[in-house]
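Given next are the chains, with one letter for each unit.
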Amino acid sequence: MSSLTRLRAGLLGAVLVIAASPGSAATGDLPELGPNVTVGRLPAGGGTFIVRPVAGAPLAAIELWYRAPSTGFGPKPEPALARLAAQVVAASKPIVGDPLGKAVSDAGGRLGITVYSDSIAISAIVPATAARKIVKTLTTAYFAPVFTDDGYRAAQRDVSQESQISAFDPETVVRDTIFAQLFASGPQHFPSLGDPKDVLQISSADAKAFATRAFRSQNAILVVSGAVEPGVADAAVGGRPEDSDAAPEPPASPEIAADAESVTKNFAEQVGGYGWIGPGISSASEATAMDFIADYLFRSDDGYVTRRVSDKFPDALLLGQFITLHDPGVMFVVYSSKGDTSNLRRLIDDGFAAIQKPLEPAAFAAALEAFKYHLLTDLQTPTQMADNFGWYSVEGAAEYAPGVKGERGLYFQAADALTPDFVASVAQKYFAKAPVVVTLRPSPPPQKGKP
Amino acid sequence: MRGALAALALLCLMGAAPAPPPIARYPTALATDLGATKLVVESDADSAISGVQIFVAAGLDRESASNNGIAALVAECVIRTPVNGMPLRDAIAAAGGSLTYTVDGRSVHYYLEARSEHLAALVDPVAQALANPDFSVPTIAAGRASLIARQTEFESNPLSVGIQMFRRSYYATGAGQPALGNSATLAQLSSRDLGAFYRANYKRRAVLSSVVGSVTPELSDGLKRLAGGLADGPVAPVQERARPIPASAPRIVAHRDVSAPWVVVGFAAPAPSSRDFGAMLVLETLLSGAFERNSTTTLGFLERSIGAFYLYDSTPASLVVYVNGSQVDPSLALRELLLVSRSLSQRPLGADTLRHFKAAAQGQFLADSVNLSDRAYLLGAFSSQGLGDDSINSALDALQRTTAADVQRVAKAYLQRYIVALVLPRQTPGQ
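Chains W and Y are the protein sequences, given in the same order.
So for the first sequence, the working numbering puts the first residue at 1; every next one is plus one.
So for the second sequence, the working numbering puts the first residue at 1; every next one is plus one.
Pulled out of the complex, with its shape left as it was, chain W reads as follows (with noise of 0.2 angstroms):
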């Protein structure tokens, strides 16, 4: 997993979506974010922009957001689709001028590219001198998307290279699984990398339909923040014309599984985990308190299950969050240690049983200032704002971004509203139920003499 996915993974732990409107990239009103923040309609017709200027590093972070599931939009699911075809079009060289991802290069900058179940993000880091100039090239490149044979094959080497190291990653795998157990059907039922072999197995031409579809302008949130003007946008390009009547994307609607089975599967360690169906992301104040739960429990070095952890089990890997989807949310947690995880698991079952009953007051006071100072540490980057305007938007909540309007947002308003007894009837209502549980653990070795 690359770094940037790592980041964003921690963003979605921490945030909270509080409502929604379905696909609003070139429908509807514009948001209204704040003082700070410009927003407006990309040229022709096409999505929306959303530019929030941060003084400090001379950086900028550029991203296009779309909503489209990671497995196609066709009837027969694609793992690995969407993902494919983003690296497709930032590796294929235009006719003029350079691929995208040697313009990024050459500015001293990062490309990534994150795919979620029904989203995907393209991500440019460049100093903020280049900041106009990669602008127009990030739109050039995916508003009319060239597909070069070149580009299809380094995509596939690149994409089937990451999807290769991700299937070593436990956090992935027990994730990708429990969605798996979780939803029936609908792109959140698939790992969004795939593996190797579905990348291989995808078609450029099924890559170059998606991408033509999928990367329309109608279909796009522009996303740029850092020391950048806030008419940085200027710079966008116009779609093709062909598309100025399209709709945005709806988002996907996915199936949850009736009856939710848990799961055991060979990988190289023993690595445990499980989750729950949360709240969607209309149930705002429900969200809020998963959000704050997460944070309580499991926030790196001072989370209350963290602790205890790491006292007890100083190697273990332990990762809780709760991702904000457009419905429904999942909570879910993995863990990992040297021999037996049975004791590790207690102490992560104690954790939620524990929040199910309402906090005493000085504690939960003192959480939940910590909890809202840790939704703005984790907006003090470029990036890590780009993504938290890029995530809600995409999502149809732009307004509700904790970034939106500083601690007089929407968000921290939601914050600010929850109680001890609230957060412990959301825990009862959603961890009530049995989870989902994941259990990865090495294959036993061959036995000698048997092939």
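Be a bit skeptical, because a hint or two may be false.
Mimicking SDA-like on lysine to any residue, the simulated pairs with C-alpha atoms at most 20 angstroms apart in a straight line are [unchecked claim]: (1) 133/W - 257/Y; (2) 102/W - 350/Y; (3) 312/W - 309/Y; (4) 312/W - 121/Y; (5) 93/W - 294/Y; (6) 338/W - 90/Y; (7) 102/W - 300/Y; (8) 312/W - 150/Y; (9) 102/W - 294/Y; (10) 405/W - 33/Y; (11) 372/W - 145/Y; (12) 372/W - 214/Y; (13) 312/W - 148/Y; (14) 338/W - 141/Y; (15) 372/W - 48/Y; (16) 372/W - 96/Y; (17) 412/Y - 309/Y; (18) 312/W - 90/Y; (19) 312/W - 350/Y; (20) 338/W - 154/Y; (21) 338/W - 153/Y; (22) 312/W - 145/Y.
Some chain Y residues flagged as far from chain W (calculated, every beta-carbon gap over 10 angstroms) [said to hold, decoys possible]: (23) 83; (24) 121; (25) 168; (26) 260; (27) 268; (28) 298; (29) 331; (30) 397.
The following label-pair restraints were derived from C-beta to C-beta distances [said to hold, decoys possible]: (31) 407/W - 218/Y: 18 to 26 angstroms; (32) 32/Y - 358/W: 42 to 50 angstroms; (33) 331/Y - 93/W: 31 to 39 angstroms; (34) 239/Y - 150/W: 51 to 59 angstroms; (35) 200/W - 255/Y: 32 to 40 angstroms; (36) 441/W - 225/Y: 17 to 25 angstroms.
FYI, nobody ran anything at the bench for these hints, they're computed from the structure.
By construction, the Cβ of each residue, glycine as well, lies at the ideal position given by its N, Cα and C atoms.
Assemble chain Y onto chain W, guided by the hints.
Okay, now just chain Y, sitting in the frame of chain W:
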């Protein structure tokens, strides 16, 4: 790999110079004299969060072999010192902030972060703990257990192990010792030892603070009181010395529970205040990127086969290049690395190549110096190493001034002698 070498050779011969890239700048930093201590500030307008690094010249280079880990253990005790009825670190967290520390060659630096309007109020509890740390037996035991756990984790990382092997071989002072100590020396450190180390090194003149974010008069006053709470008196000078790297390219070998070999090649490197600093930043980027497979998207750490780190936290500085043996043949990679290092010293980079790698080095530098903690660290560390008050921008200026002749000269001066640290998989249990 061979393609990379050939491509680099070709690039070296390329010609005409295009326009230089525009210069990125951080907000201009300013220094304030607070009497016995100094405050360096980089202001971000409207920053919701602010952070302060409090440097105390009590780092590894003030340790001996017999008390390795004492700098970290003192810091552990500081953050565990009871303040208002609870350990300092917990008190800060409960008030909506965070407190961490890092030990490096020259200093231990405490990083305090909070909402901008709260930061000043949180300096006082830190000052209380720094002025009167708890060196009781239970607190030392808790700190020791934490350090041993972290050291165990450190030992499981082959890259960390390889870099530490090189540092131990390279430095002639405490700077070459493990930052977190080791279980043997930590076990022997007593309250008396910690008190003696504290009294010798935690002096008000040994403190420098750097703030990034929003600075108020209350914050400046708090930091002045913090330094004033420490004993006055001279700060003892320390030796900052490295052993000459022999021409024979010594190899050090260690075995660990790793699935593939890792190679760390360590070189001497110029200090940030040197005129060679910018050129070494270019070389760091060049050696990190010249061998890597082409990828349209930027590779994450786990995907990389080779990388480089310019370590200027200690004096003298060093450069390490690592090879991940699970991604690439380490013998081949090592040979190519050394060939390129030699090539760089024999001919200047072409103009296009220099421009490309200067841009890449600038991008790398910016990406590594973006959050408040890293910026405040660089601001203080560079300032204390002679880059002036606006030290991060001075570093960028040094990079901007770098010429092809500089890169060649620095490659010749620093990259021809090296130490190779090999971290190999264990072949037998207990090896």
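**OP:** Grab the minimum beta-carbon distance between residue 121/Y and chain W and tell me whether it stays above 10 angstroms.
**Re:** holds, 13 angstroms
Original post:
Between residue 312/W and residue 148/Y, does the CA-CA distance stay at or below 20 angstroms?
Top reply: OK: residue 312/W and residue 148/Y at ~13 angstroms, within 20 angstroms.
**OP:** Given the hint that residue 133/W pairs with residue 257/Y, test it: the Cα-Cα distance must not exceed 20 angstroms.
**Re:** violated, 47 angstroms
**OP:** Verify the proposed pairing of residue 102/W with residue 350/Y, using a straight-line Cα cut of 20 angstroms.
**Re:** holds, 19 angstroms
Subject >> Straight-line alpha-carbon gap residue 338/W to residue 141/Y, limit 20 angstroms >> reply: Roughly 24 angstroms between the alpha carbons, so the hint for residue 338/W and residue 141/Y is violated.
**OP:** Take a quick look at whether residue 312/W and residue 121/Y sit within 20 angstroms of each other, Cα to Cα.
**Re:** violated, 33 angstroms
Original post:
Do the beta carbons of residue 407/W and residue 218/Y sit within 18 to 26 angstroms of each other?
Top reply: holds, 20 angstroms
**OP:** Below or equal to 20 angstroms on CA atoms is what counts here, so check residue 372/W against residue 145/Y.
**Re:** violated, 30 angstroms
Subject >> No chain W beta carbon within 10 angstroms of residue 83/Y's >> reply: The claim holds: residue 83/Y sits with its nearest Cβ about 14 angstroms from chain W, beyond 10 angstroms.
Original post:
Has the given pair, residue 93/W with residue 294/Y, been kept, meaning a C-alpha gap of at most 20 angstroms?
Top reply: OK: residue 93/W and residue 294/Y at ~15 angstroms, within 20 angstroms.
Original post:
Does residue 300/Y lie within 20 angstroms of residue 102/W when you go C-alpha to C-alpha?
Top reply: Status holds; Cα separation ~17 angstroms.
Original post:
Going straight from one Cα to the other, do residue 405/W and residue 33/Y come out at no more than 20 angstroms?
Top reply: Between residue 405/W and residue 33/Y the Cα gap is close to 36 angstroms, so the pair fails against 20 angstroms, i.e. violated.
Hint compliance for this structure: hints 1, 3, 4, 6, 10, 11, 14, 19, 28, 36 are broken, all remaining hints hold.
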